[in-house]
Amino acid sequence: MSRISACMLAAVFGLVPLSGCGSGNVTDTHIEATPVATENASTSTGSGEEDGVSAEPAVNLASALSVPTQITKIDDLFFIVDCYNNQVIYSDTIDKPLNEWFVMTSDIDKGHTVASDGSVYLVDDTERNRVLVFERDGYVFENTQVFEGIGTRPHFIVYNETDSNFYVWSSMTGEMYVMTHDPGSTDMYISRIMKLGELDGVYVRSFTIDGDSVYLVSGNSQIIEARLSDFKIKNRYPVPDQLAGMIQIMPVEGGYYVTVSTDVHGNQDFATIIYADKLSDLEEGKYTDIYSYFVGGGTPYYMGCIDGRYYLTEHRLPGHSIWSFDIGDDHMPADVRAIY
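All residue numbers for the sequence shown refer to the working numbering, where the first residue is 21 and numbers rise by one.
Hints listed in this document are in silico derivations from the structure and should not be mistaken for laboratory results. Certain hints may be false.
As the list claims (entries may be wrong) - The calculated lysine-lysine pairs, modelled on BS3-like cross-linking and capped at a C-alpha distance of 27 Å, are: (1) Lys254 to Lys298; (2) Lys254 to Lys306; (3) Lys93 to Lys130; (4) Lys93 to Lys116; (5) Lys252 to Lys298.
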């Protein structure tokens, strides 16, 4: 079939609402990515004296991280999305000096996340409204496909093993782009787009998939729980004004960790991390502020678990851009360490 850019979608497909109260809009479609020429691959070819020279990974030249947003591990490699340095870097160990990490891509403008199913790797190019697709060849990565016009400021990508789909969130339009590829192929395409119209124009930084539900963090003083398959709203969890500008919800044993960037007015002085037994407790102020365990303050960002230990990215203050920690029996952070 002919390839069509996602930015042409609005002119070609209408958004068809599902029946029922509180439903999202869902568009079933098949929009393919645009292939990328091999010479545009984000790798260095060493001396480059002749064709056929094995590509070598480009070494990270940044001496420090600048607003890292995510740290994750995919197969045998660690990845850091180094947002304001406009790159994704990787290493086979987490404790190497930054100048010994390699660059997966620097062809992004303030990207936020990377996700993979083991065959393809998706990176959001937030300020250019793109998603880049990579494939791994040994120790290097080739940018093989690109999706243009992915909403406004795509900000968070998750691979969901349960249904073998990638979920890509457009942070300013309330749209979730569902991307996949057929078995035996690495050619990515958009299979459907789901939208919550009430979030169009609201800055929502991330989502969390838990079973058949997706939780959209508060951008307007409420967490929305929707059905993953069709975005039908299942629950709303109001939150106090001081927690309105959330970043991420992470389910943990016995409850939830939540990172917060700003209050309802956009004031970063309210940046913090909290623990709550239930999301419904937040409205009544039944939560514990745990940011004091991460000495120094700043703005916490995305969290994740790698090999049984938790990791947190943070910005605004130098010297502790990435933390690692455990969670004790009392649900509080334990053995907290600054990694970078």
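How the hints compare with the structure:
no., hint, in the structure
1, Lys254 to Lys298, "16 Å, holds"
2, Lys254 to Lys306, "22 Å, holds"
3, Lys93 to Lys130, "20 Å, holds"
4, Lys93 to Lys116, "15 Å, holds"
5, Lys252 to Lys298, "21 Å, holds"
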